[in-house]
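**Q** Those protein sequences? They're chains A and B, same order as listed. Residue 266 is where the first sequence starts when you use the numbering used here, and the numbers rise one by one after that. Residue 266 is where the second sequence starts when you use the numbering used here, and the numbers rise one by one after that.
There may be inaccurate statements among the hints.
When chains are identical, the list treats them as one kind, so a pair holds in a single copy or across two.
[As the list claims (entries may be wrong)] With a straight-line cut-off of 20 Å between C-alpha atoms, the simulated SDA-like cross-links for lysine to any residue are:
id: 1; residue 1: LYS527; residue 2: CYS275
id: 2; residue 1: LYS311; residue 2: ASN299
id: 3; residue 1: LYS358; residue 2: ILE474
id: 4; residue 1: LYS358; residue 2: ASP536
id: 5; residue 1: LYS435; residue 2: ASP389
id: 6; residue 1: LYS307; residue 2: GLU291
Hint data in this document are derived by calculation from the structure and do not stem from the laboratory.
Number of protein chains: 2
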Amino acid sequence: MELRLDCLPCIFRQTLEGSRMATEDEALIREILNEYAQLIPKLDSKEKAPAIVGKVHQIIKEKTGVADPYQKFKEEHMKLALNLYPKVKKIIKDATDSLQGALIMAATGNSIDAGLFSKVNIKDQIEDALENGFVQSDFELFKEKLKSEAKVLIIGDNAGEAIFDKLLIKELNKFGVEITYATREVPVLNDVSIKEAKEIGLDQISKLISSGCKTPGTILNNTTQEFRLAYQQADIIISKGQGNLEGLSSVSAPIFFLLKAKCNLVARILDVNEGDLVFRFKKQKERLD
Amino acid sequence: MELRLDCLPCIFRQTLEGSRMATEDEALIREILNEYAQLIPKLDSKEKAPAIVGKVHQIIKEKTGVADPYQKFKEEHMKLALNLYPKVKKIIKDATDSLQGALIMAATGNSIDAGLFSKVNIKDQIEDALENGFVQSDFELFKEKLKSEAKVLIIGDNAGEAIFDKLLIKELNKFGVEITYATREVPVLNDVSIKEAKEIGLDQISKLISSGCKTPGTILNNTTQEFRLAYQQADIIISKGQGNLEGLSSVSAPIFFLLKAKCNLVARILDVNEGDLVFRFKKQKERLD
């Protein structure tokens with residue numbers, strides 16, 4: 266997905282938010298904001314939003330000397346998800362189709378970070394999600410493709426929702442598939458990296474790899490050879506969250522995008538409303554932008 | 266109120282919004298956004314947000330050649346307020362204290378523009394407003410100061426809410442006061458200028474003047490001699506909306522600020538919640554920032 270004008274002020278807001286995670290020094294934050302401002306006129310409209318957010322996050326790290334500005338936020342995020350884990354597990358168990366339930370919960374996990382910001386009641390959201398399900402769903406197609414020994418690549422997103430992904434992986438494992446779970450290369454925003462994925466125990470139930478990306482979204486050119494191999498060999502790719510959609514919307518591979526449409530722009534592109542849950546298959550040559 | 270870091274991304278968003286009111290040419294809008302971005306590192310933190318928004322609005326006008334980008338929006342805004350006028354008039358008539366009712370309605374008018382954006386049900390908001398009233402109110406003090414022949418200066422804000430201000434002026438006129446109503450010098454955002462104030466008929470029931478300001482908020486240094494005279498001689502000053510609060514929060518004059526707290530920052534400064542209605546007196550030397 267190429268950069269849209271709407272992304273520029275939104276990334277500016279995220280720059281301020283990220284800076285405040287790292288420091289309380291207002292003069293230093295102003296310097297970081299100035300750096301982003303100076304970057305804007307130079308930005309090529311072909312750049313993808315996650316690449317720009319990655320650059321900004323790098324500026325925040327360098328200016329403040331804090332390697333993982335979202336660490337505390339991420340810990341709270343994971344703690345909240347862990348508290349919800351038994352409830353979500355039961356919801357999936359009780360669902361008419363437990364695999365579909367697990368996919369819905371894995372998409373809902375995407376709300377946890379927003380919940381921490383705005384004190385949204387996540388418990389209510391989880392119940393609503395199961396009731397309302399996906400606004401767009403290619404679940405039937407997904408089930409057709411899900412055969413024993415199929416290679417499944419899941420591209421993770423936030424650290425908190427990765428806890429719900431554990432339940433999805435467990436459901437998928439019942440089909441005898443071979444799962445690879447890819448994380449970011451370094452801490453960027455509240456995204457899952459190898460460290461958190463191991464804490465969650467994803468290495469016990471899937472093959473855990475880093476995508477190589479230092480951006481809050483997968484950009485194919487920046488991935489490792491190991492990731493690209495898993496990507497090429499996968500029978501099914503599940504891409505989680507908006508950042509990965511923004512990075513992979515126009516690649517020439519078939520992908521199931523599993524996400525909550527969190528901003529108006531992505532909602533418009535997917536033809537859904539903000540806040541809707543989506544499980545959408547992109548065909549080989551299709552472009553979602 | 267001095268510039269806060271939160272204002273920078275917010276003004277960026279407003280720059281995009283304002284540009285889209287004037288043109289659909291994405292490349293031209295990008296140029297405007299770049300100009301604002303280049304301005305950011307040069308901005309003195311002592312500058313007030315409305316002054317910066319004024320500069321940006323000037324850039325939009327110059328780049329697009331559109332003298333009044335919000336004209337159509339303002340017309341819709343005024344049409345909506347006119348449709349609500351009979352209902353609001355009745356609410357004020359039926360209120361226990363019609364002057365207090367008129368003040369509450371004049372503050373609620375501030376929501377009309379937001380309503381146009383987000384399809385908020387303004388009718389519901391009006392009823393809620395009357396029920397909930399002001400979260401902070403210096404109405405009793407206001408009534409004490411309200412004597413026959415007192416000079417009252419009202420500093421207007423948006424064009425739509427100026428229609429509700431008409432009802433406030435009518436209530437105030439019952440006390441035999443002498444009212445001056447000040448508008449912006451030129452069209453800026455959806456603010457009221459002499460043209461719209463005359464269309465509404467405010468010149469029939471008050472002395473209509475321009476403040477001289479070309480910014481969406483009154484900045485004393487930029488006002489005309491005529492405005493400053495009215496300002497100095499006023500027994501009561503009513504400043505409407507956030508922009509005027511941002512401009513006048515630290516001047517050495519007693520002012521009643523009448524507004525809806527529309528952003529988190531202003532809400533925090535006033536110690537209220539976003540969306541709350543406020544009628545707050547600032548003493549002579551007090552600073553609200």
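**Q** Could you place LYS307 and GLU291 in one of the four classes (within, between, both, neither) given a Cα distance threshold of 20 Å?
**A** Between copies, since 16 Å is at most 20 Å while 25 Å is not.
**Q** Give the relationship of LYS358 and ASP536 under a CA distance limit of 20 Å: within one copy only, between copies only, both, or neither.
**A** neither (31 Å within a copy, 46 Å between copies)
**Q** Indicate which option fits the pair LYS358, ILE474 if close means a Cα-Cα distance not exceeding 20 Å: within, between, both or neither.
**A** neither (28 Å within a copy, 70 Å between copies)
**Q** Using 20 Å as the alpha-carbon threshold, which applies to LYS311 and ASN299: within, between, both, or neither?
**A** between (22 Å within a copy, 16 Å between copies)
**Q** When Cα atoms must be at most 20 Å apart, do LYS435 and ASP389 count as within-copy, between-copy, both, or neither?
**A** neither (24 Å within a copy, 48 Å between copies)
**Q** Could you place LYS527 and CYS275 in one of the four classes (within, between, both, neither) given a Cα distance threshold of 20 Å?
**A** both (12 Å within a copy, 19 Å between copies)
Hints 3, 4, 5 from the earlier list are contradicted by this structure; the remaining hints agree with it.
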